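Q: Turn these sequences into a full structure, and let the hints steer you where they fit.
Each chain is listed here by its residues.
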Amino acid sequence: MAQVFELPPETSTAGRQARGRATDSAFAKACGLLPDFVALTGRHRELFSLPRFAPEVAGVQFAEVEVDVETGLVRVLKVVAVQDCGLVADPLLARSQINGAVIQGISYALFEERHLDRRTGCMLNPNLLDYKIVGALDVPEIVSIPMSVANGISTTSMSSLGEPPAVPTAGAIGNAVANAIGARVRSLPITPDKVLAALGEV
Amino acid sequence: MHRFAYHTAESYEAAAQALKKRPDAHAKGAGLDLMDLLKERLLEPTDLVSLHRVKTPGGAGVLPAHLTLAELGKDPALAKDFPALAQAAAEAATPQIRNRATLGGNLCQYTRCAYFRGSDFACYKRGDDQCSAQAPDAFNRYHAIFVKGGCASAHPSNLAPALIAGDAVLTVVGPEGTRELPVAELYGNPAQGKWTDHTLAHGELIQAVRYTPSALTRRSVYKELRERQSFDFALASVVCALELADGKVKAARIVCGAVSPVPYRAKEAEAELVGKALDETRIAAAAEATVAKATPLAMNKHKVVILKRLVERALRELNQ
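Chains A and B, in that order, are what the protein sequence lines are. Each number in our numbering comes from the position in the first sequence (counting from 1) with 1416 added on. Each number in our numbering comes from the position in the second sequence (counting from 1) with 18 added on.
Hint data in this document are derived by calculation from the structure and do not stem from the laboratory. Fair warning: this is a prediction, and the values are worked out from it, not measured in the lab. One or more hints might be untrue.
Stated by the list, open to error - Cross-link-like lysine-lysine pairs, in silico, DSS-like; alpha carbons within 27 Å at most:
#: 1; chain 1: B; residue 1: LYS73; chain 2: B; residue 2: LYS39
#: 2; chain 1: A; residue 1: LYS1610; chain 2: B; residue 2: LYS319
#: 3; chain 1: B; residue 1: LYS311; chain 2: A; residue 2: LYS1610
#: 4; chain 1: B; residue 1: LYS268; chain 2: B; residue 2: LYS294
A: In structure tokens, the structure reads:
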């Protein structure tokens, strides 16, 4: 296993031994995989010592948006996503996974909503035309940076990377919109009517 | 899906006769809208009469009804003679749909109103005596801001406002013969139980659309705003056309889509422009006059603001 990931031979063994007890930054740094500026202390130390197969991961994202303040239309121009995803085995696959999550996050931020009729409780958009999910023309430039971290949780130090990068996208877009127009839209999706209301136009 | 018999017509006349014989038959162009309605069981026709084999020749200023939106959007002559129509076709739906959807079908499609398409709700168009979209707590973010009578649906066609602005005329083939019909008269006020937006009788089919390239059509522009850029119906759309002479507006057309059950021609706004020089004050006055009669519902006041901005942008672009 160690050879597959071009690690020093002792690393995977060390990981196995470390499993089950508090794993700290010293171990990861010894492997040469944890950047010096990251220190695992306090809460993070607890996170990194969770049982096997339940690793908690973290990520940070940045969004650049363009808001048409006359019509309330929001368009995302660029998203940069840095994601802690344990040890990266296949960088191309990892970046692709992050791209997909960011696209879904944009969908969540700007489009997806179940329209319900209040009197009957029936859904008004039970189809993929009216229930809007993001399409190709709405996807911006996405820069995906998988951050390789040896967390020592398992023998390979790998973590999950399916959904976690979808979590911060909407928050980043919401913050970028607030930064652009000087007012907050406090519910998703951020549609033109809500932006115009936040701007005091309606 | 509901069972139906399928007929392929060889000519518009034959299709009209086939429809006349069967009171519950429905004409089918590309079938993009019709198939959805059949699958939802909103329409249950006994017969479908397909027009996919019927072609009529086009020519200068004559657009056959079987032309696809993609063909209209890419036509270099149309882009020069009637840019608003080419832009309206190119902005619609998705590339796949534009490759199939026809001019005739775009004019005759049913409204996208969610209450019309959801069979659980009362709908004035489907024959009920009330409109669910106008109830106090209804979800009407995408509905009309110019409510006509009992219906608050928003008109879905991109092309109709452009054709009305260009004074286009339809050639309509019916069981009793052929007649000419201005596009402006194709749409009538919604009536209880009248499902369609258009006023064509059963068996009548659009064969071609004719327009005369003029100063108005050459200086025309289509603007729309939609929430999603990939595939979405407009929140509001507008076609503006101007004839300028000696720095003044000689004639003007402002026709709005997606804000009323049928395309809305803002004659008050046109009157603001005619005979005057076009400057920012005039443009603002015309935009204000466009929405002067708006009666927005609880959730769609933003459409008033958006329509005003679109009119301003369109007029600014035409003034360059």
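Q: Please list, smallest to largest, the hint numbers that this structure does not respect.
A: Violated: none.
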